[in-house]
Amino acid sequence: MSALAPGNATQTLSPDLLPLPVTSVKDGFRTRWYRSRSFVAGIVILGVIIGMCTFAPLLTPYSPTQQDLTHVLQPPSAQHLLGTDQLGIDMWSQLLYGGRTDLRIAFLAVILPFILGTTLGCLAGYYGRAVDVGVMRMVDIVVAFPFYVLVIALVFAIGPGEKGIYIAITIVGWVSYARIVRGEILVAKQQDYVLAARSAGFGAPRIIVRHLLPNVITQAIVFATADVVLDILAIVTLGYLGLGVPPPIPDWGRMIFNGQQFLTTQWQLATFPGLAVVVTGIGLALLGDGLSDLLRPE
Amino acid sequence: MNIASYVIKRILLAIPTILGVTILVFFMIHLVPGDPAVTLLGPRATPDLIAKLHHAWGLDRPLLQQYLLYMGRLFHGDLGQSFFFQLPATTLIASRTGATVMLLVTATLFTVVVTIPLAILAAIKRDKTVDHVVRSVPIVTLGMPSFWVGIMLILLVSLRLGLLPVGGYGQNLPQHLQSVILPALTIALAISPMTIRSLRASMIDVLEADYILTARAKGASSGRVLFRHALRNALIPMITVLSVNIGWLVGGTVIIERVFAIPGIGGLMLDAIGNRDFALVQAITLVFAVFVIFVYLVADVSYSLIDPRVRFD
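Going down the list, the protein sequences come from chains A and B. Residues in the first sequence are numbered consecutively from 1, following our numbering. Residues in the second sequence are numbered consecutively from 1001, following our numbering.
Be aware that one or more of the hints could be misleading.
Stated by the list, open to error - Rough simulated footprint, nothing fancy, chain B against chain A, three-plus residues with beta-carbon under 8 Å:
{"#": "1", "segment": "237–248"}
{"#": "2", "segment": "263–271"}
{"#": "3", "segment": "281–288"}
Stated by the list, open to error - Far from chain B, some chain A residues (derived; all Cβ distances over 12 Å):
{"#": "4", "residue": "Gly42"}
{"#": "5", "residue": "Met52"}
{"#": "6", "residue": "Ser63"}
{"#": "7", "residue": "Gln67"}
{"#": "8", "residue": "Gly83"}
{"#": "9", "residue": "Leu123"}
{"#": "10", "residue": "Arg206"}
{"#": "11", "residue": "Val209"}
{"#": "12", "residue": "Gln260"}
{"#": "13", "residue": "Arg296"}
The hints are simulated quantities; they were obtained by calculation from the structure and are not laboratory data. Cβ coordinates follow ideal geometry from the N, Cα and C atoms, glycine included.
All chains should be built: construct the whole structure from the sequences, respecting the hints.
Spelled out as structure tokens, the structure:
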């Protein structure tokens, strides 16, 4: 699912900036990235979150796993910014270290589906016929499963934990990239430069990698930012259902699950990990929004 | 091509997908690291019991034969036997279908009720403040975990305001209805950003169509143009938008049923996972996928019936 509402940032740019002739996407991107407010806002939000997770040890004196059974379910205070959970573990520390776990897995989990989907999409789009039918048939099969049903079932079969998450997300996630790239290739391969490359006698691998790929990859990159959001949601959901990273590794999803039991008295326990997911999602959505504007060929 | 042959052709096209789905579900058990029987039995595993389970699952036969056996059972309506409950999976699933269907229908209704006015508003006030607000909402809501939204609704509506039950499903129809309001709202909130965006785009296309201009030129009031001419033609895309998102709707119920302790198929799936009940998990996964394929099919057929402009080819 594309999480982006393209066009939002276009309106925020003053009209005289829009028709700038761009010689190549890369140069244009380098000289213009700061002109997209969405992109800058997204970078800032994500930068702050990733920075806070990275420097977690400097931002909290407590360990995210150290239990203190004499101080369980404390309300927020100067000692414990967000209070403590039912085992007396500091919530602020868990939030920071949980972000480390969830964001790292989410960003890594995008890589394999991106590569697999882009490759299959290129092959299906360029060769057509049987290759295309085969790839699209596999897409149909995966798409028939509700996303969460298949992810949950696969993680269950492979076994909960990081490895299960990567494999499950790869099996389910490649289809979006394959569809996007295939569609782009179908259009791009009709262009004159591909005909020129063919008549110059270049082989299919060279045409795909050197000529087509650079022109179709931007859409896949833009989608990847939305896909990271989807992966964070999947990881947090699996954590909530008890299928995520095993305890005591902190994880936002399990924090929300634990907090739900104390909703009547300690509402902050379930609320803040969810807010962390939402803010991260906003950062990525803005980033993707800005990227799609900046990378769009003029 | 007439409608009957179009429907038949569309059903035939779904068959390879359903076959593929069964293959994926069948092979899920082979993704289990090590021996699923040993995993299931845990400390109770004796060579005798393991062999018995292998035989029951057909794991002592060649792979192709196993699959054919599995397909043969499926054709007889046998989705497998739950190891934990010692009951056929179909019986268990059937006993939970009511709650899930109730939740799905209510969630779909809520989605439609939220989507249509907002999408129309955004489409008429295109590029005005209202439109920008409606279009910015997904930036915030698409990153929200649906189960967390559910918990926040419990916190606000049930605990603070004391309006609706915190969970469960009740004993009779009025209680059922009361119990599904919050979970259905949660699911509707999760998918409406996607449905609003799609319907807004369709509405804009419709509003720019020639027949709208004609209606305006005839002197029809803007309300009449909107409801008699534009909305009717935008409802067809609404069916598409809903059917495209059916996977998210169904996937959402699995998680939301857990949040609100609703005894539906999704809750059954998560229970089965907790019990390491492979056959039941497989059966439910298959049922959900076949349901989604069925919805795609019905949507395709139904808008070919509603819209005379759709050609059957």
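12 Å Cβ clearance of glutamine 260/A from chain B: 5 Å, violated
Closest CB of chain B to the CB of glycine 42/A still more than 12 Å away: Given a closest Cβ separation of 10 Å, the condition is violated.
Check of the segment 237–248 of chain A against chain B for coverage (Cβ-Cβ below 8 Å, three residues minimum): holds (count 5)
Exclusion check [glutamine 67/A not at the chain B interface, CB over 12 Å]: At roughly 24 Å from the nearest Cβ of chain B, glutamine 67/A sits farther out than 12 Å, so the non-interface label holds.
Valine 209/A remote from chain B - nearest C-beta pair above 12 Å: 30 Å, holds
Minimum Cβ distance from glycine 83/A to chain B greater than 12 Å, as the annotation requires: Holds, because the least Cβ-Cβ distance between glycine 83/A and chain B comes to about 16 Å, which exceeds 12 Å.
Assertion that arginine 206/A lies outside the chain B interface [Cβ separation over 12 Å]: 33 Å, holds
Stated coverage of the segment 281–288 of chain A by chain B [criterion: 3+ residues, CB within 8 Å]: holds (count 5)
Minimum Cβ distance from leucine 123/A to chain B greater than 12 Å, as the annotation requires: 19 Å, holds
Status of arginine 296/A, Cβ more than 12 Å from any chain B Cβ: Non-interface label stands for arginine 296/A: nearest chain B Cβ at 17 Å, farther than 12 Å.
Coverage assertion for the segment 263–271 of chain A with respect to chain B, Cβ distance below 8 Å, three residues required: Per the Cβ count (5), the hint holds.
Least C-beta distance from serine 63/A to chain B larger than 12 Å: 25 Å, holds
Hint compliance for this structure: hints 4, 12 are not met, and every other hint is.
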